[in-house]
Amino acid sequence: MPDALLLHMKVNGEDVEVAAPPHFTLLEVLRYKLDLIGSKQGCDKGDCGACTVQLDGTARLSCLTLAAQADGRKVRTVEGMTAAHLHPLQDCMDKQVAAQCGFCTPGILMAAEAYLTKQARAVSRDEVAEAMAGNLCRCTGYVKIVDAIVEASEIMAAKEQG
Amino acid sequence: MLRLPIFGTKSPTSLEELVAAMAQPGAHLVAGGTDLLPNLKHGLYEPKVLVSIDRVEELQHITWDEDASMLRIGTGVTLSQIAADNEIGARFPSLAKAAGLVASPLIRNMATIGGNINLDTRCRYVNQSEFWRSAIGGCLKSGGDVCHVVPKGRSCVAAMSSDCVPVLTSLGAQLGQVGPNGRRDLAMADYYSSDGIAHTRREAGEITAEVCIPIPTRDTAAQYAKWTVRKSIDFPLVSIAMNFELSGSGHDATIVAATICLGVLAARPKLLRADKLKGLRFSDAETAEVVGELCYAQGKTLDNVPYEAGYRRSMLRVFGKRAVGQLVKSR
Numbered sequence: 001m002p003d004a005l006l007l008h009m010k011v012n013g014e015d016v017e018v019a020a021p022p023h024f025t026l027l028e029v030l031r032y033k034l035d036l037i038g039s040k041q042g043c044d045k046g047d048c049g050a051c052t053v054q055l056d057g058t059a060r061l062s063c064l065t066l067a068a069q070a071d072g073r074k075v076r077t078v079e080g081m082t083a084a085h086l087h088p089l090q091d092c093m094d095k096q097v098a099a100q101c102g103f104c105t106p107g108i109l110m111a112a113e114a115y116l117t118k119q120a121r122a123v124s125r126d127e128v129a130e131a132m133a134g135n136l137c138r139c140t141g142y143v144k145i146v147d148a149i150v151e152a153s154e155i156m157a158a159k160e161q162g
Numbered sequence: 001m002l003r004l005p006i007f008g009t010k011s012p013t014s015l016e017e018l019v020a021a022m023a024q025p026g027a028h029l030v031a032g033g034t035d036l037l038p039n040l041k042h043g044l045y046e047p048k049v050l051v052s053i054d055r056v057e058e059l060q061h062i063t064w065d066e067d068a069s070m071l072r073i074g075t076g077v078t079l080s081q082i083a084a085d086n087e088i089g090a091r092f093p094s095l096a097k098a099a100g101l102v103a104s105p106l107i108r109n110m111a112t113i114g115g116n117i118n119l120d121t122r123c124r125y126v127n128q129s130e131f132w133r134s135a136i137g138g139c140l141k142s143g144g145d146v147c148h149v150v151p152k153g154r155s156c157v158a159a160m161s162s163d164c165v166p167v168l169t170s171l172g173a174q175l176g177q178v179g180p181n182g183r184r185d186l187a188m189a190d191y192y193s194s195d196g197i198a199h200t201r202r203e204a205g206e207i208t209a210e211v212c213i214p215i216p217t218r219d220t221a222a223q224y225a226k227w228t229v230r231k232s233i234d235f236p237l238v239s240i241a242m243n244f245e246l247s248g249s250g251h252d253a254t255i256v257a258a259t260i261c262l263g264v265l266a267a268r269p270k271l272l273r274a275d276k277l278k279g280l281r282f283s284d285a286e287t288a289e290v291v292g293e294l295c296y297a298q299g300k301t302l303d304n305v306p307y308e309a310g311y312r313r314s315m316l317r318v319f320g321k322r323a324v325g326q327l328v329k330s331r
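Chains as they are written, first to last, in this note's numbering: chain A, 1 to 162; chain B, 1 to 331.
If you're looking for bench data, these hints aren't it; they were derived computationally from the structure. These figures come from a predicted structure and were not determined experimentally. Note that the Cβ used here is the ideal one computed from N, Cα and C, for glycine as well. Treat each hint with caution, since some may be false.
Unchecked claim - Here are the simulated lysine-lysine pairs, DSSO-like style, with alpha carbons at most 30 Å apart:
{"id": "1", "chain 1": "B", "residue 1": "Lys276", "chain 2": "A", "residue 2": "Lys45"}
{"id": "2", "chain 1": "B", "residue 1": "Lys48", "chain 2": "A", "residue 2": "Lys74"}
{"id": "3", "chain 1": "B", "residue 1": "Lys300", "chain 2": "B", "residue 2": "Lys329"}
{"id": "4", "chain 1": "A", "residue 1": "Lys45", "chain 2": "A", "residue 2": "Lys144"}
{"id": "5", "chain 1": "B", "residue 1": "Lys270", "chain 2": "A", "residue 2": "Lys144"}
{"id": "6", "chain 1": "A", "residue 1": "Lys159", "chain 2": "A", "residue 2": "Lys45"}
{"id": "7", "chain 1": "B", "residue 1": "Lys329", "chain 2": "A", "residue 2": "Lys45"}
{"id": "8", "chain 1": "A", "residue 1": "Lys45", "chain 2": "B", "residue 2": "Lys278"}
{"id": "9", "chain 1": "A", "residue 1": "Lys144", "chain 2": "A", "residue 2": "Lys33"}
{"id": "10", "chain 1": "A", "residue 1": "Lys45", "chain 2": "A", "residue 2": "Lys33"}
{"id": "11", "chain 1": "B", "residue 1": "Lys276", "chain 2": "B", "residue 2": "Lys300"}
{"id": "12", "chain 1": "B", "residue 1": "Lys231", "chain 2": "A", "residue 2": "Lys45"}
{"id": "13", "chain 1": "A", "residue 1": "Lys10", "chain 2": "B", "residue 2": "Lys48"}
{"id": "14", "chain 1": "B", "residue 1": "Lys278", "chain 2": "B", "residue 2": "Lys300"}
{"id": "15", "chain 1": "B", "residue 1": "Lys231", "chain 2": "A", "residue 2": "Lys118"}
{"id": "16", "chain 1": "B", "residue 1": "Lys97", "chain 2": "A", "residue 2": "Lys33"}
{"id": "17", "chain 1": "B", "residue 1": "Lys231", "chain 2": "B", "residue 2": "Lys278"}
{"id": "18", "chain 1": "A", "residue 1": "Lys74", "chain 2": "B", "residue 2": "Lys10"}
{"id": "19", "chain 1": "B", "residue 1": "Lys48", "chain 2": "B", "residue 2": "Lys97"}
{"id": "20", "chain 1": "B", "residue 1": "Lys329", "chain 2": "B", "residue 2": "Lys97"}
{"id": "21", "chain 1": "A", "residue 1": "Lys159", "chain 2": "A", "residue 2": "Lys74"}
{"id": "22", "chain 1": "B", "residue 1": "Lys329", "chain 2": "B", "residue 2": "Lys276"}
{"id": "23", "chain 1": "B", "residue 1": "Lys10", "chain 2": "A", "residue 2": "Lys10"}
{"id": "24", "chain 1": "B", "residue 1": "Lys97", "chain 2": "B", "residue 2": "Lys231"}
{"id": "25", "chain 1": "B", "residue 1": "Lys276", "chain 2": "A", "residue 2": "Lys95"}
{"id": "26", "chain 1": "A", "residue 1": "Lys45", "chain 2": "A", "residue 2": "Lys74"}
{"id": "27", "chain 1": "A", "residue 1": "Lys33", "chain 2": "B", "residue 2": "Lys300"}
{"id": "28", "chain 1": "B", "residue 1": "Lys10", "chain 2": "B", "residue 2": "Lys278"}
{"id": "29", "chain 1": "A", "residue 1": "Lys118", "chain 2": "B", "residue 2": "Lys97"}
{"id": "30", "chain 1": "B", "residue 1": "Lys48", "chain 2": "B", "residue 2": "Lys10"}
{"id": "31", "chain 1": "B", "residue 1": "Lys329", "chain 2": "B", "residue 2": "Lys278"}
{"id": "32", "chain 1": "A", "residue 1": "Lys118", "chain 2": "A", "residue 2": "Lys144"}
{"id": "33", "chain 1": "A", "residue 1": "Lys144", "chain 2": "A", "residue 2": "Lys159"}
{"id": "34", "chain 1": "B", "residue 1": "Lys152", "chain 2": "B", "residue 2": "Lys231"}
To be verified - Sample of chain A residues with no beta-carbon within 12 Å of chain B, all distances over it, derived:
{"id": "35", "residue": "Pro22"}
{"id": "36", "residue": "Glu28"}
{"id": "37", "residue": "Asp91"}
{"id": "38", "residue": "Cys101"}
{"id": "39", "residue": "Met110"}
{"id": "40", "residue": "Gly162"}
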């Protein structure tokens, strides 16, 4: 049995030191070592996007990221989204009723936040559909999710300018 | 929930360390891991150590080497970077398009060009869970001794399913392979063999460090066409990359040379015999018809990936013709 890894990561702004077997994925470290169960274990092979987290600001699938690949990096999960107030994306998802069972929502929020932060402008429905093509939702039919992300992009862009 | 088998990991920070780590017995290279990890979770291999390339700076470059007339891309560059690179988009549009069509945005953020070049072959009888495979007793590629695609076949016909490989081959790309004995360069067209179990000519301990694409000196028109069930996530059912050298940039330009490469047939990307196209006027409707016919006539599909082989073969004609039409329109 290979030795465990001692990982140093910044998870949601906090320095974390955690030991994990080398064959663990980042998702397994988050869920089973750090009790951050917001990121969901869906298909576990990269199809569904429910496990999406941000690694150094880029949206990635944590089920296909080895624990060792996250060592020394900044990890952001859905738990890190709410500081004092709801994030505009959470607010808009709520307003538009863009979550039904909610299983895909943490992944959607992480992928959408990384995308909107990078774009830093109001985006169109088509652009959102393209950018969110790796996150599956089996309940909503996507219309309300797209609406929410478009609305959030307008709020975030206005804030940036204001 | 799918579990990875037990293995150790190594994260070297230089190319030299990477090559040394790969010389250890049982070492297996992991780049983006987006194809390897699902395969490991399905129990297709059991490496002792996974050697990750993600901290090797020397594999992270996109360099326009105008002196050598080459675009050099480090194999650790992600597909997202290639798809979003404005200069690649302008000068090698078919490559940017292919990279941008791989799987989903999340996978492209992780997957690398080197991983896509060395992507394992896929088959509907292999890329399944261990339980599923055990029900049919495995196959040549997965612990059995029969082929379910070609029942009496003795060699594996799993399909080369990479989007970038046909494009890079059509552009005449070279690979820089680095191993314990130094670097060797070879043409992508010579890199693949027809054995679905070991379909690349990568030598033991060797890694693909760089892909070099010659910058064309005359007018060219290049295109990539991919047919999938859904618009995202899926591997191609048929894929066609084409690259035409033209006599000029005007409407009456004729074809000087044509390279057409098909993917997803068997383990080896197929370069078509396309001499017929020489001298044809590029913008003629007949040219698109001829390209479609060439794809259909020489593209022998098998039942190795989803959808019936006969239907996929008909789609080669449709997508080949359509791709030329789009190219002509966009010029």
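Tested hints:
With a C-alpha separation of about 44 Å, the suggested pair Lys276/B and Lys45/A falls outside the 30 Å cut-off, and the hint is violated. Under the criterion of a C-alpha separation no larger than 30 Å, the hint pairing Lys48/B with Lys74/A is consistent with the structure, at around 28 Å. Restraint check for Lys300/B and Lys329/B: satisfied, since their Cα atoms lie roughly 29 Å apart, inside the 30 Å limit. At roughly 26 Å between alpha-carbon atoms, Lys45/A and Lys144/A fall within 30 Å of each other, so this suggested pair holds.
Annotation: proposed proximity of Lys270/B to Lys144/A is violated, straight-line Cα distance about 44 Å (limit 30 Å). Distance restraint check for Lys159/A and Lys45/A: the Cα-Cα separation of roughly 37 Å exceeds the 30 Å cut-off, and the hinted pair is therefore not satisfied. Restraint check for Lys329/B and Lys45/A: not satisfied, since their Cα atoms lie roughly 39 Å apart, outside the 30 Å limit. At most 30 Å may separate the alpha-carbon atoms for a hinted pair to count; Lys45/A and Lys278/B exceed this at roughly 45 Å.
Taken as a hint, the Lys144/A and Lys33/A pair is broken in the structure, with Cα atoms around 34 Å apart against an allowance of 30 Å. Taking the CA atoms of Lys45/A and Lys33/A, the gap is near 20 Å; set against the 30 Å cutoff, the hint holds. For a cut-off of 30 Å, the pair hint linking Lys276/B to Lys300/B stands: about 19 Å separates their Cα positions. For the proposed pair Lys231/B and Lys45/A, the alpha carbon gap of about 18 Å is at most 30 Å, so the pair holds.
A C-alpha spacing of about 29 Å is found between Lys10/A and Lys48/B, which places the hinted pair at or below 30 Å, so the restraint holds. Only pairs whose Cα atoms come within 30 Å are accepted, and Lys278/B paired with Lys300/B is accepted, the gap being roughly 23 Å. Between the alpha carbons of Lys231/B and Lys118/A the distance comes to roughly 23 Å, so the proposed pair stays at or under 30 Å and holds. A C-alpha spacing of about 40 Å is found between Lys97/B and Lys33/A, which places the hinted pair above 30 Å, so the restraint is violated.
In summary, the hint linking Lys231/B to Lys278/B is not supported, as the alpha carbons are separated by about 34 Å, beyond the 30 Å threshold. Distance hint between Lys74/A and Lys10/B is fulfilled; the C-alpha atoms sit about 20 Å from each other, no more than 30 Å. Between Lys48/B and Lys97/B the CA atoms are separated by roughly 36 Å; this puts the pair beyond 30 Å, and the hint is violated. Pair hint Lys329/B plus Lys97/B holds up; C-alpha atoms about 17 Å apart against a cutoff of 30 Å.
At roughly 25 Å between alpha-carbon atoms, Lys159/A and Lys74/A fall within 30 Å of each other, so this suggested pair holds. For the suggested pair Lys329/B and Lys276/B, the alpha carbons sit about 22 Å apart, so the restraint of at most 30 Å is met. Restraint check: the Cα-Cα separation between Lys10/B and Lys10/A comes to about 21 Å, which is no more than 30 Å; the hinted pair holds. Between Lys97/B and Lys231/B the CA atoms are separated by roughly 14 Å; this keeps the pair inside 30 Å, and the hint holds.
For a cut-off of 30 Å, the pair hint linking Lys276/B to Lys95/A is broken: about 61 Å separates their Cα positions. Taken as a hint, the Lys45/A and Lys74/A pair is honoured in the structure, with Cα atoms around 23 Å apart against an allowance of 30 Å. This hinted pair does not check out: Lys33/A and Lys300/B have alpha carbons roughly 50 Å apart, beyond 30 Å. Proposed proximity of Lys10/B and Lys278/B is contradicted: the alpha carbons are some 51 Å apart, above 30 Å.
Between Lys118/A and Lys97/B the alpha-carbon distance is near 21 Å, which keeps this suggested pair within the 30 Å criterion. Proximity of Lys48/B to Lys10/B is assessed by CA-CA distance (about 11 Å); at most 30 Å being required, the pair is judged to hold. Distance restraint check for Lys329/B and Lys278/B: the Cα-Cα separation of roughly 20 Å lies within the 30 Å cut-off, and the hinted pair is therefore satisfied. Under the criterion of a C-alpha separation no larger than 30 Å, the hint pairing Lys118/A with Lys144/A is consistent with the structure, at around 22 Å.
Distance check on the hinted pair: Lys144/A and Lys159/A sit about 22 Å apart at the alpha-carbon level, within 30 Å; holds. Between Lys152/B and Lys231/B the CA atoms are separated by roughly 35 Å; this puts the pair beyond 30 Å, and the hint is violated. In this structure Pro22/A is not separated from chain B by more than 12 Å, as the shortest Cβ-Cβ distance comes to only about 4 Å. The claim that Glu28/A lies off the interface is violated: its Cβ sits roughly 9 Å from the closest Cβ of chain B, which falls inside the 12 Å cut-off.
Even its closest Cβ contact with chain B, about 24 Å, leaves Asp91/A beyond 12 Å, as expected for a residue assigned away from the interface. Residue placement check: Cys101/A keeps its beta carbon more than 12 Å from all beta carbons of chain B (closest about 18 Å). The claim that Met110/A is not at the interface with chain B is violated, since a C-beta of that chain comes within 12 Å of its own (minimum 9 Å). No Cβ of chain B comes within 12 Å of the Cβ of Gly162/A; the nearest lies about 28 Å off, and the non-interface call holds.
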